[in-house]
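Sequences and hints are given; from them, build the entire structure.
Residue numbers (our numbering), protein chains in the order written: chain A, 1 to 276; chain B, 1 to 276; chain C, 1 to 276; chain D, 1 to 276.
Just to be clear, a hint being listed does not mean it is correct.
Which copy is meant is left open, so a pair is good if it fits within one copy or across any two.
[What the hints assert, rightly or not] Here are the simulated SDA-like cross-link-like pairs (lysine to any residue), alpha carbons at most 25 angstroms apart as the crow flies:
hint	residue 1	residue 2
1	Lys28	Glu50
2	Lys249	Ala261
3	Lys233	Arg94
4	Lys183	Trp196
5	Lys233	Glu220
6	Lys64	Ile238
7	Lys91	Trp260
8	Lys233	Lys249
9	Lys183	Pro217
10	Lys224	Thr194
11	Lys197	Ser115
12	Lys233	Leu40
13	Lys28	Pro193
14	Lys249	Ser227
15	Lys197	Leu49
16	Lys64	Glu21
17	Lys28	Ile238
18	Lys46	Ser27
19	Lys224	Phe92
20	Lys77	Asp200
21	Lys38	Ile155
22	Lys150	Arg93
23	Lys65	Lys161
24	Lys91	Met162
25	Lys249	Asn60
26	Lys249	Asp87
27	Lys46	Val170
28	Lys91	Val170
29	Lys249	Tyr100
Hints are computed from structural coordinates only; laboratory data are not their basis.
The structure displayed is predicted, hence computed values, not measured ones.
4 protein chains.
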Amino acid sequence: MLSDEERHQGRAFKPENQIIEVISENSKVLIYIDEHRKFLVKPHMKRRLETDRGIIDLENIIGKKYGDYVETTLGVKAYLLKPMLSDFIEKFRRVTQVIYPKDLAFIVFKSGVSSGSIVVEAGTGSGVLTAALAYYVKPSGRVYTYEVRKEFIAIARSNIKMAGLENYVVFKNKNIESGIDEKNVDAVFYDLPTPWKLIDVAYDALKKSGVLAVFIPTMEQLLKTISALREHKGFINIEAYDIMLRRYKTIPGEVRPMTWAVSHTGYMVFARKILI
Amino acid sequence: MLSDEERHQGRAFKPENQIIEVISENSKVLIYIDEHRKFLVKPHMKRRLETDRGIIDLENIIGKKYGDYVETTLGVKAYLLKPMLSDFIEKFRRVTQVIYPKDLAFIVFKSGVSSGSIVVEAGTGSGVLTAALAYYVKPSGRVYTYEVRKEFIAIARSNIKMAGLENYVVFKNKNIESGIDEKNVDAVFYDLPTPWKLIDVAYDALKKSGVLAVFIPTMEQLLKTISALREHKGFINIEAYDIMLRRYKTIPGEVRPMTWAVSHTGYMVFARKILI
Amino acid sequence: MLSDEERHQGRAFKPENQIIEVISENSKVLIYIDEHRKFLVKPHMKRRLETDRGIIDLENIIGKKYGDYVETTLGVKAYLLKPMLSDFIEKFRRVTQVIYPKDLAFIVFKSGVSSGSIVVEAGTGSGVLTAALAYYVKPSGRVYTYEVRKEFIAIARSNIKMAGLENYVVFKNKNIESGIDEKNVDAVFYDLPTPWKLIDVAYDALKKSGVLAVFIPTMEQLLKTISALREHKGFINIEAYDIMLRRYKTIPGEVRPMTWAVSHTGYMVFARKILI
Amino acid sequence: MLSDEERHQGRAFKPENQIIEVISENSKVLIYIDEHRKFLVKPHMKRRLETDRGIIDLENIIGKKYGDYVETTLGVKAYLLKPMLSDFIEKFRRVTQVIYPKDLAFIVFKSGVSSGSIVVEAGTGSGVLTAALAYYVKPSGRVYTYEVRKEFIAIARSNIKMAGLENYVVFKNKNIESGIDEKNVDAVFYDLPTPWKLIDVAYDALKKSGVLAVFIPTMEQLLKTISALREHKGFINIEAYDIMLRRYKTIPGEVRPMTWAVSHTGYMVFARKILI
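Below you can see the structure in the form of structure tokens.
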């Protein structure tokens, strides 16, 4: 354990950490004009960005720093932000119903995943949960993600690459019903229609005390999943949740929850493997 | 970028990862009898655990593996789980109102924190948010946490140590009103009564495009924080949320949301630093 | 007090209550094809109803009974339901943001309104709350509703007439800031932008122990209303609420909360008048 | 239809409506000291009310008016409020899990019940829903309530009497499985364990286009009820809901949702009878 003194000399004070991140041809940039005008760009891939607030010549953002701004041809300020995981996910190409941040965050937290974790996921879908898992297991961990539909893998792969997480994900074009190749994994994540048929498959792949996390939209699926887990006997600490997120308008004088909200995406079930 | 082939040979298959974790004198163990009987122990610190389901001689769990079980003197099975962040937090000694997992998870997600992040927090309080942050910035990141009350630091420090996260946290017995020593940090977290007075302090410490995250319980605090952020002009993408979590009973035939729930702990505000 | 025996002979058994309601030229009918195809009609006002499930000749529904059905020209069953308050409100012409059933129901309940109550409302807006109040105070009660904009009164009046509640409502094209004509009323309802400026006005009109109910969308309005009530000293039992309603899909095998929901329409405040 | 002029002469202006309600020996009074000290009393039944804020000699409240106050022996103001339905329900003796106001209000609203309605309920339980129904059908309507357990009827009867609603309720110590005596009723309400077995019973009692309302706590019950309604074919417009109510602290400077809330009591299902 470091002494506070040692830690006090920690990274934040070493010049090499004072890196001022300069935007290059290959940098990913979130161009932020306002809440409704956010654009994810890579200078070398696009010449100009056309918006209803004016045009931005992307040549001009090269050499700028994150947090700086440029002006559009209409003189509107456009801020150059460093994209976060949530920005990338927002811009993912979606071919399936996806899991929302409110649930992604809770699934990651309850599954105990962190840097170095080895996890398995099925199905990959659009790669939203894949990206969240990869983001938290990096750099030394891995996400093994199973998907039967080749076309989904292609889309998820390009989404993951866009988020810069491709080094932490292994895509597998396999049906998980025939088993999980990886063993002794820290956690297994199911986002598929019939998780209750795959409890054994997860059990075999998990390390003891490892976590199974299941995401399902309907009550029927929730009841079947809970029953299957209880009958299997190989899991304890079986918990189920759902989350409602309220987003507030942040204009002084008008602060209130947004009128409409996503009221439901799915139920989450968590359980831990024990020795049978 | 690794080829899938290379990654396919990834960690999960190397023997050194097949470590079977054996419980030693110094292991932390979550002894799980049922939802209402979970005990966090360290064999060398305790001789015997007495419960209303019987006694467990902790000598007997040494040499067992996580996921195994022992029987109490009354013949009840007690499972030996590897504690997760959420288990530690549940057992933290609390001297302040703390942030709940539903909010911790979302705060971590929305702030973009991950392995390697350098972050600042104030106040430390019982160390619950500190622990969550340390858990996700490890191993190469750091959490610098400010707290004026020495006695809170002592408690938070022992909580953090219990969770095995002491190498990633720097405790500072300072009033953050006099400024943040660290500069160019990835994110700043405020869990204190008057965040609206400390917008400048956060602005100076944050790297450009970095995130300020604020947690406050009341509407008055929310409105003042939003107004201060708008007036400061140094932040954009100002978002506010609160989360409702529903936990479900997981006994087949009785599945329903728990009757009572924590309906509110606080509002969360997020904003990103820009060049003024 | 009646004996159970007397009551046992109660209305439900007298033939005059066995009235089989026959649909006439002037009956209001909710033509129900499915959840997305509900039409409120009055035979003598319309010749034919054209839908994407076929045409209905409204002549043909005269003489039918509520609960019966007719077939469209495409052979689809169209059920003839007796419209309820909630059906009428759903079909009201809306010129303002309206209060939703989840809130209407709670406002009525908490204000203690029932058959015979004399209540005052401002502003009338589209007449949704007006209708709900009229529905519960009928037949002997009255709703006095104040509205400054003549055009809104016209619309509300036609909405109220459509719902058959015109005998229980008195429309007043007056600015309530200049006072409430009625005195000793059972309850006062405010659905207007600055209720905190009108606490005195409500106080003067209310009978002692009467209820003031306020509906406001934003946090700023909620805080100002609460403060004004506390400072006025003429009200106690000050309570504030908001309601989230989850609607579930009712197709077996697909039961789940609807994905999107109205997350917020407004906050409700209730208080009771006392002697100062 | 009355002219506005006629209505303008309406009740609120006639002296007989200016009745100043004087508290008599038999009046029911809600003695309100603060949110946590509310007492429902009837002067002739009690000599003195002892509270931790002092004693009140109930003789002294006779002759006072609602909204007035008396002082306790410790000089604390105690306000004399006219009890509302919600006050009575709060003080009901409870022998069963009861339905909460948030749900009572919505059930009444969605069922279309109002003054004059003839409705049937099973089971009576503690009489909370019975009271809400009686309150809205009065004076000319009736609630026929079925309950198999004699002891519950006795308790519900005394609760209903306390609320002054005994003239509008017929108690029946019968098992509803053997059928509903009343026919052509406006609505049927089920608050019992196996409503899906009683769809036919409700169908036979309801008038066409009448409403069946079901309240059940668990998901399994909700799914069975929905399936039974779909299979029966005699009901359309099948809707299911649940409601979350947030109560806010109303102390200026501390306004926020209460930390703990009743997160779930039950699911509500509504359907309308059609001709089969």
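For each hint, the structure was consulted:
In this homomeric assembly, Lys28 and Glu50 come within 25 angstroms of each other (Cα to Cα) only inside a single copy, at 17 angstroms, whereas the closest approach across copies is 53 angstroms. Both within a single protomer and between protomers do Lys249 and Ala261 lie at most 25 angstroms apart by alpha-carbon distance, with minima of 12 angstroms and 17 angstroms respectively. Within a single copy, Lys233 and Arg94 get their C-alpha atoms no closer than 36 angstroms, and across copies no closer than 34 angstroms, so neither meets the 25 angstroms cut-off. In this assembly of identical chains, the alpha carbons of Lys183 and Trp196 lie at most 25 angstroms apart only when taken from the same copy (20 angstroms versus 46 angstroms across copies).
For a Cα distance limit of 25 angstroms, the shortest separation of Lys233 from Glu220 qualifies both inside one copy, at 21 angstroms, and across copies, at 22 angstroms. Proximity of Lys64 and Ile238 under a CA criterion of 25 angstroms is satisfied inter-copy only: 23 angstroms between copies versus 50 angstroms inside one chain copy. Taking the shortest Cα distances, Lys91 and Trp260 sit within 25 angstroms of each other both inside one copy (21 angstroms) and across copies (20 angstroms). Within a single copy, Lys233 and Lys249 get their C-alpha atoms only as close as 47 angstroms, which misses the 25 angstroms cut-off; across copies the closest is 18 angstroms, which meets it.
For the identical chains of this complex, Lys183 and Pro217 are neighbours neither inside a copy (28 angstroms) nor across copies (41 angstroms), given an alpha-carbon limit of 25 angstroms. Taking CA atoms no more than 25 angstroms apart as the test, Lys224 paired with Thr194 passes in both settings, with 9 angstroms inside one copy and 20 angstroms between copies. Taking identical chains as interchangeable, the C-alpha atoms of Lys197 and Ser115 are never at most 25 angstroms apart, the minima being 30 angstroms within one chain and 35 angstroms between chains. In this assembly of identical chains, the alpha carbons of Lys233 and Leu40 lie at most 25 angstroms apart only when taken from different copies (23 angstroms versus 47 angstroms within one copy).
Proximity of Lys28 to Pro193 under the C-alpha cut-off of 25 angstroms is found in neither arrangement, the shortest distances being 35 angstroms within a copy and 37 angstroms between copies. Taking the closest pair of Cα atoms, Lys249 and Ser227 come within 25 angstroms of each other only across two copies (12 angstroms); inside a single copy the shortest separation is 41 angstroms, beyond that limit. Proximity of Lys197 to Leu49 under the C-alpha cut-off of 25 angstroms is found in neither arrangement, the shortest distances being 48 angstroms within a copy and 38 angstroms between copies. Proximity of Lys64 to Glu21 under the C-alpha cut-off of 25 angstroms is restricted to the intra-copy arrangement: shortest distance 9 angstroms within a copy versus 49 angstroms between copies.
Taking the closest pair of Cα atoms, Lys28 and Ile238 come within 25 angstroms of each other only across two copies (21 angstroms); inside a single copy the shortest separation is 41 angstroms, beyond that limit. For the identical chains of this complex, Lys46 and Ser27 are intra-copy neighbours only, at 12 angstroms inside a copy versus 54 angstroms across copies, given an alpha-carbon limit of 25 angstroms. Taking CA atoms no more than 25 angstroms apart as the test, Lys224 paired with Phe92 passes in neither setting, with 31 angstroms inside one copy and 34 angstroms between copies. Taking the closest pair of Cα atoms, Lys77 and Asp200 come within 25 angstroms of each other only across two copies (22 angstroms); inside a single copy the shortest separation is 55 angstroms, beyond that limit.
In the homo-oligomer, the alpha carbons of Lys38 and Ile155 lie at most 25 angstroms apart inside one protomer (21 angstroms), although the nearest pairing across protomers, at 41 angstroms, exceeds that limit. Taking identical chains as interchangeable, the C-alpha atoms of Lys150 and Arg93 lie at most 25 angstroms apart only when both belong to the same chain, with a minimum of 15 angstroms there against 50 angstroms between chains. For a Cα distance limit of 25 angstroms, the shortest separation of Lys65 from Lys161 inside one copy, 23 angstroms, qualifies, whereas the shortest one across copies, 38 angstroms, does not. Within a single copy, Lys91 and Met162 get their C-alpha atoms as close as 9 angstroms, which meets the 25 angstroms cut-off; across copies the closest is 39 angstroms, which misses it.
Proximity of Lys249 to Asn60 under the C-alpha cut-off of 25 angstroms is found in neither arrangement, the shortest distances being 33 angstroms within a copy and 51 angstroms between copies. With identical chains, the CA atoms of Lys249 and Asp87 are at most 25 angstroms apart within one copy only, with a shortest distance of 19 angstroms there and 31 angstroms across copies. Taking the shortest alpha-carbon separations for Lys46 and Val170, neither the intra-copy value of 29 angstroms nor the inter-copy value of 43 angstroms comes in at or below 25 angstroms. In this homomeric assembly, Lys91 and Val170 come within 25 angstroms of each other (Cα to Cα) only inside a single copy, at 21 angstroms, whereas the closest approach across copies is 36 angstroms.
Taking the closest pair of Cα atoms, Lys249 and Tyr100 come within 25 angstroms of each other both inside a single copy (19 angstroms) and across two copies (20 angstroms).
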